[in-house]
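Student: Here the protein sequences line up with chains A and B, keeping their order.
Take the first sequence: its letter number 40 is residue 40 in the working numbering, and every next letter is one higher.
Take the second sequence: its letter number 101 is residue 101 in the working numbering, and every next letter is one higher.
In case anyone wonders, no lab produced these hints; they're calculated from the structure.
Here a beta-carbon is modelled for each residue, glycine too, at the ideal position from N, C-alpha and C.
Take these hints with a grain of salt, some might be off.
Heads up, simulated SDA-like pairs for lysine to any residue below, C-alpha to C-alpha not over 20 Å straight-line [said to hold, decoys possible]:
#1 B:52 with B:42
#2 B:22 with A:41
#3 B:41 with A:28
#4 B:44 with A:54
#5 B:40 with A:56
#6 B:44 with A:98
#7 A:54 with A:41
#8 B:99 with A:8
#9 B:36 with A:68
#10 B:36 with A:45
#11 B:44 with A:8
#12 B:67 with B:40
#13 B:71 with B:85
#14 B:52 with B:9
#15 B:9 with B:22
Reference listing, derived: stretches of chain B covered by chain A, where coverage requires no fewer than 3 residues with Cβ under 8 Å from a Cβ of chain A [as the list claims (entries may be wrong)]:
#16 12-23
#17 72-80
Here are a few chain A residues that face chain B, going by a calculated C-beta distance under 8 Å [stated by the list, open to error]:
#18 7
#19 8
#20 41
#21 42
#22 99
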Amino acid sequence: DQQVKQNSPSLSVQEGRISILNCDYTNSMFDYFLWYKKYPAEGPTFLISISSIKDKNEDGRFTVFLNKSAKHLSLHIVPSQPGDSAVYFCAASYTGNQFYFGTGTSLTVIP
Amino acid sequence: DTAVSQTPKYLVTQMGNDKSIKCEQNLGHDTMYWYKQDSKKFLKIMFSYNNKELIINETVPNRFSPKSPDKAHLNLHINSLELGDSAVYFCASSRQGAKETQYFGPGTRLLVL
Numbered sequence: 001d002q003q004v005k006q007n008s009p010s011l012s013v014q015e016g017r018i019s020i021l022n023c024d025y026t027n028s029m030f031d032y033f034l035w036y037k038k039y040p041a042e043g044p045t046f047l048i049s050i051s052s053i054k055d056k057n058e059d060g061r062f063t064v065f066l067n068k069s070a071k072h073l074s075l076h077i078v079p080s081q082p083g084d085s086a087v088y089f090c091a092a093s094y095t096g097n098q099f100y101f102g103t104g105t106s107l108t109v110i111p
Numbered sequence: 001d002t003a004v005s006q007t008p009k010y011l012v013t014q015m016g017n018d019k020s021i022k023c024e025q026n027l028g029h030d031t032m033y034w035y036k037q038d039s040k041k042f043l044k045i046m047f048s049y050n051n052k053e054l055i056i057n058e059t060v061p062n063r064f065s066p067k068s069p070d071k072a073h074l075n076l077h078i079n080s081l082e083l084g085d086s087a088v089y090f091c092a093s094s095r096q097g098a099k100e101t102q103y104f105g106p107g108t109r110l111l112v113l
């Protein structure tokens with residue numbers, strides 16, 4: 001039973017444009033959300049997080065938006081750079097240290 | 001100066017064998033985890049240890065047994081390997097407490113033939 005879903009397995013974007021990665025969840029108890037970035041042959045690395053008391057969190061080129069009523073969050077990368085090409089995982093938590101991950105979206109930024 | 005390290009990186013073995021994957025973190029974290037990423041890329045938690053004590057044990061076959069000799073190490077031992085165990089196994093660690101960021105190792109790619 002997958003509680004966190006990333007329905008787009010891949011996304012291609014031109015360098016300099018905006019990348020929008022989407023994530024949906026089913027458990028309304030989730031109150032903390034993160035995005036991880038993963039390069040090939042490496043483990044995921046933390047990118048940005050958001051608590052359910054906020055609807056937006058920004059860190060440089062990365063912004064995460066949370067729509068609780070729609071149980072949806074998105075990661076915006078502006079402007080996209082070739083080094084952003086990676087797999088992006090969305091994760092959610094409602095208790096302790098247990099995170100539920102999506103299946104990832106592979107982003108390719110075309111120079 | 002790797003924060004979370006795993007050995008081996010690659011493991012190819014026959015069905016029925018017993019194997020271990022080692023994990024070490026030098027971040028001073030109290031909590032460590034094992035995740036499995038299957039062929040569908042679904043990253044799912046298997047175990048979590050806090051200060052050498054098991055706190056999360058998802059539905060995982062008994063053939064998988066984690067061992068934490070100290071809080072910097074969490075090893076994963078797998079008995080009687082099956083074809084379906086082929087996956088990438090990630091170790092992670094975090095500070096103690098709710099919703100702490102988890103730091104992942106590079107993964108161990110296990111292939112059971």
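Student: Name the hints, by number, that the structure is in violation of.
Tutor: 1, 3, 4, 5, 7, 8, 9, 12, 13, 14, 16, 17, 18, 19
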